[in-house]
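Now for the letters of each chain:
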Amino acid sequence: MNEASPPVKRTAKDYATDQEVRWCPGCGDYAILRAMLKTLADIEADPANTVFVSGIGCAARLPYYVETYGFHTIHGRAPTFATGIKLANPALDVWVVGGDGDMLSIGGNHLLHVLRRNINLQILLFNNEIYGLTKGQASPTSRIGTRSPSTPMGSVDGPISACQFALGAGARFVARGIDTQQKNLPEVFKRAHAHKGTSFVEIFQNCIVYNDGVFDNFTAKAVADDHQIHCEHGQPLLFGADNKKGLRLNPARLEIEAVEIGDDGPEAAGILIHDETNLALAQRLAAMDQPLLPVAIGVLYCNPARSFDDGVAAVRDEAKKRGRGDLKATMHAGHTWTVDA
Amino acid sequence: MTLIDKILQNPVPGSAREELESAVVRFAGDSGDGMQLTGDQFTLATAIAGNDLATFPDYPAEIRAPAGTTFGVSSFQINFGARRIMTSGDQFDTLVAMNPAALYVEASNLKPGGLLIVDTGSFTERNLRKAGYDTNPLHDGSIDKFRTIAIDISAMTLEAVKPFGLSQKDALRCKNLWTLGFVYWLFGRQRHATQQWLKTKFAKRPDIADANIAALNAGHAMAETAELPSGVHGYHIAPAEIVPGTYRTVTGTQALAWGLIHGLKLAGLDALFASYPITPASPLLHVLAQNQHLGITTFQAEDEIAAVGAAIGASFAGTLGITSSSGPGIALKGEAIGLALSAELPLIIVNSQRGGPSTGLPTKTEQSDLYQAVYGRNADAPLCVLSARSAADCFDVAIEAVRIATKYMTPVILLTDGYIANAAEPWRIPELDQYAPFAVEFRTEKAGFHPFLRNPETLARVWAKPGTPGLEHRIGGIERNFDTGHISYDPDNHHKMTKIRAAKIDGIAADVPEQAIEIGQAGARLGVVGWGSTYGPINRAVDNLIRRGHGVAHIHVRNIWPLPRNLGSLLKGFDRILVPEMNNGQLVTLLRAQYLVDARGLNKIAGQPFKIAEIETAILAELERTP
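Residue numbers (this note's numbering), protein chains in the order written: chain A, 1 to 341; chain B, 342 to 968.
Since the hints were derived computationally from the structure, they do not count as laboratory data. Everything numeric in this text was worked out from a predicted model, so none of it was measured. Glycine included, each C-beta is placed from N, C-alpha and C at the ideal position. Check each hint, because a few of them may be wrong.
[Said to hold, decoys possible] Here are the computed distance ranges between Cβ atoms for each label pair: (1) A:D326 to B:K545: 46 to 56 Å; (2) A:N109 to B:T839: 31 to 41 Å; (3) B:P968 to A:A341: 45 to 55 Å; (4) B:A544 to A:A91: 51 to 61 Å.
Okay, chain A solo, but in the shape it has when bound:
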C-alpha cells in the first residue's frame, strides 16, 4: 500500500519545509525542531511514510515546518487523530506533538488513553509550564504561586508531573529531554522511535516571552551538573561535577536519596544501577524534584509490551476467521422467507 520513496541520503535540512517558522525569536521550540530534523535524517525517515500530528498551541505548529505529511488538528485531541491514522494505516510512522496545556489539560484524557492502549507512535510533550499562544496563563504544569494574567496573586493549584502521569497511565516508554541539549535530545528521540508501542517524551522547553528561565534551577550551565542526572541503562545513577554524587535507595522509606560518593566508588556507596525496565525505579526517578534531588533526564522507562497495533491486527485476523462470508451472505443469514411472484 505504501510505496517506499527512492532511497536517498537526506540531511536534516531536507526535512525542513519552505515555510517561514513563526515562533518567537529565542523560543526553545526552534531547538527542538532542529533536534527533530536531525533525528529524521539520522533514522533516514521516509517523508512519504511519516506523519506529524499536533493539537493547538505553539508546539503544535511544528508539523508545518517538517517536510512530511502533517495534520494540525484541534486543541488537546491530537492523540485521537493519530489513533485513527494508525488504525487506518499501521505502516505509517506517526509523531504526535503538543504542549503541556494541550496534552495535560484539555487533552489529558486522550493522553491517558493513547498511553494505556500502547499504540505504536511517538508523543513529544513540549513542557514550558505556561500557556504561550494564549498569552501567558498558568498551565497544569505551572508551579504553585506562578503569577500570570489569569493568576495575578499566584496560582494555587498543584502542578502535574508529565512523566509520572505517563507512567501511571501505563506508558511503556517514558523519557525526558531538554530543548538546549542538542546532543542528547536526538538520541532520546531515536530511542523513542525505536520503541514499539507508545513512546512518551517530555521536553523541558523554555518560553522566552511568558516563562523565561523557569527551568534555570536545573538547566542553567552553572547548576546543570548538580541538578540533572542523565539516566543510562545498566549504568550507575551518578551526577554532579566529576560524577561524585549518586542516587541510593533508602529502603526504610522506599525513597531515593542523593549521596556523595566516597573514595571507594559507587558500588560501595550503594549507588543504584539504572534499569529502564524497572517500573518502580522509573516512578521514583520521574518523581524526583528540586531542590532536594536532581531532575532525571534520558530514558526513564522502556519496557515494551504488545502494541495496540498488534492487538488490532489480531482482532482483524480473528474477525476474518469468524466472519461468515460476504455482505450478501450476512444479509441472508438468519430467518429469511421468499415471496413468489
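Using the hints provided, position chain B relative to the given structure of chain A.
Okay, now just chain B, sitting in the frame of chain A:
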C-alpha cells in the same frame, strides 16, 4: 363476497378463526420480563406468516428499573396485516399485561372491546400498590370495557417447566415464552422459528432451551384448549400483497450498518468506525464490530471527541472515517466536525436522535437535532445532512452518505432516530449488484499538486493520502490559501474560501434526485412535508384523506441540506403547507427561512411516534383554517 368468505367472516364459535385485515398487539411487562425479546420473536413469526408489519420497541432508560413500578414498564408494539402497514399502530387491539404496572401504563391505549391478557399471578397486593392501584382493577370493574383473558401465567409456567428442575427464578423467567405461545395461537403463528432460535441461543444450556420451549408449547396448548371469552376464537390475517423477493426483518441499525459496508465496497474503500457508547446509537457499534471482516474496523474510543477524532484521522490516512452517536454526543463532536469540513476530509456522522435537550429522554425517539445538524457548529460551517425515513431506507441512505462524503470531500451527517434504529420491519433484501460503483480516486500525480487543488465541477479538493511519495503536505484547521493550500490569514482569501466551502455543499443539490411527491398532486390545496421516521403515519394519513376526496399531498424530504433544488417551487404550488415533526418546529423553520413560504408546524414532542389519527386531525384542521 363468496359464501365461503361469508362463513369465514362469521365463524362458528370455537372452531373457525375471525378474519382480520390488520391488528395491533402490545406486549407490556416489567423490564426484566423479556418483553423486547418476546416482541422480536412475534415479529419474526409474523413476517414468516407473510404479513406486512411495523414495530415499536418502547423501553425505559434504566436497565433494570425497580421491579413492578410504572417507570420500569417495557413494551413492544407490533402492527401487522394483510395490507401495507405504515406505522406501528395507533391504539392496540390486543394488550398483554404481565403485571399491574403494565396494565396501569398501557390500558388507556387499548381499544374498547379490545383483548386484554393479564397474568393474574402478578396481581399481588404489593405489585398493585407499586403500580398505583388502590383496588384490584381485575375486580373493580375498571377493565369491563375490554374482553379480558385472566390467567395465572406465573403458575402455569412453573407447572410447564417443572420437569427441567430449574430454580424458581429461572423457571419464572420462562413466562414470557408461555405468553408468546398463547398469543401465537391467537394469531395463528408458527412456533418453529422461535423453537430454533431458543435452541441456538441456549446451545450451552439445553435445559434452559428445553424449559422455554416447553413453556412456549404449554401457552400455545392452553390457548387452543381453554375456554376463551365469548367472541374470541383466534384470528386469521391473510398474507399481505408483497413485492416478490427474498425477505428478512431488519432494524434501522442493521440496514444502516450493511448500507455503510456496501457503500464502502462501491467506493473501493476500507473504513474506521469509531464510536463511544450512547443510547440509542450503541447497537450500530455492536453490529459493525461483529462484521469487521467486511472492511470496517471498529474502535470504541474513550469519549465522543476521541471517536470523531479517530474517524477524521482515518480519513486523513486514506480510509473513510465514520462516527456515530446521539444528540449529546454529536454536540461534543462539533469542533472536530468543523475541522473535517475545514480541512475538507470525508466523514460520516450518524446521529440516532433521542429526546432532549441534555440527557432528555435517552430511550425515547425525537427529531430534534435537525438544527444541530444543519447549523450546530461555530462559524460558517456547511455540510451535507441526510435523513432516513425507515429502517429499510437506512440501507440506501447509508450508501448515499458514503457517495457524497467521498465525492465532495465533506462530512455528511446522517439523521436517524431511536425509533428507526430499534424498530424492525420486513425488508426485501436488495440485489447488491444493482448499485452503481463510485470508486474513489486518490491523487498520486506530483506535478502541480497542492492539497487544496479542486475539481472544477464538484469543487471537491484532492485526496492525497500519507504513504504517497512526493505528495507530502500539511493541512489543519487554520485557514489556507486558495491557490497553494498554505496557511493564510489574508482577509480576501478567507472570504473566498468561505464562499467556496458553501458553494461546494450547495452544489450537491444538482447531484441528487429532485424532490418527489410521495402521494397526491403537485399544486394540491395542502402539502404535508415530513422528514425521517414520520414517513409512515404521514403517508397513511394523507392516503386516507385523499381517498376521502381531500386535496392533500405528501412530500418527504431526505436531503435536509442542501435541500432538493425543486423543493421551493413544489412548496410554492400548494395553498397551504403543514410540517409534522417530532420536535418543536425545526424543518418548518428551515423551509420558511429558505423559501419564504407560510409553512405551519404540527409538533409532537412526547417521545412517541405520531399516530395516524393525530395527523389526519391536524390536516383537516389546517384545511379548514380561516386564513
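- What hints, given by number in increasing order, does this structure fail? 1 and 4
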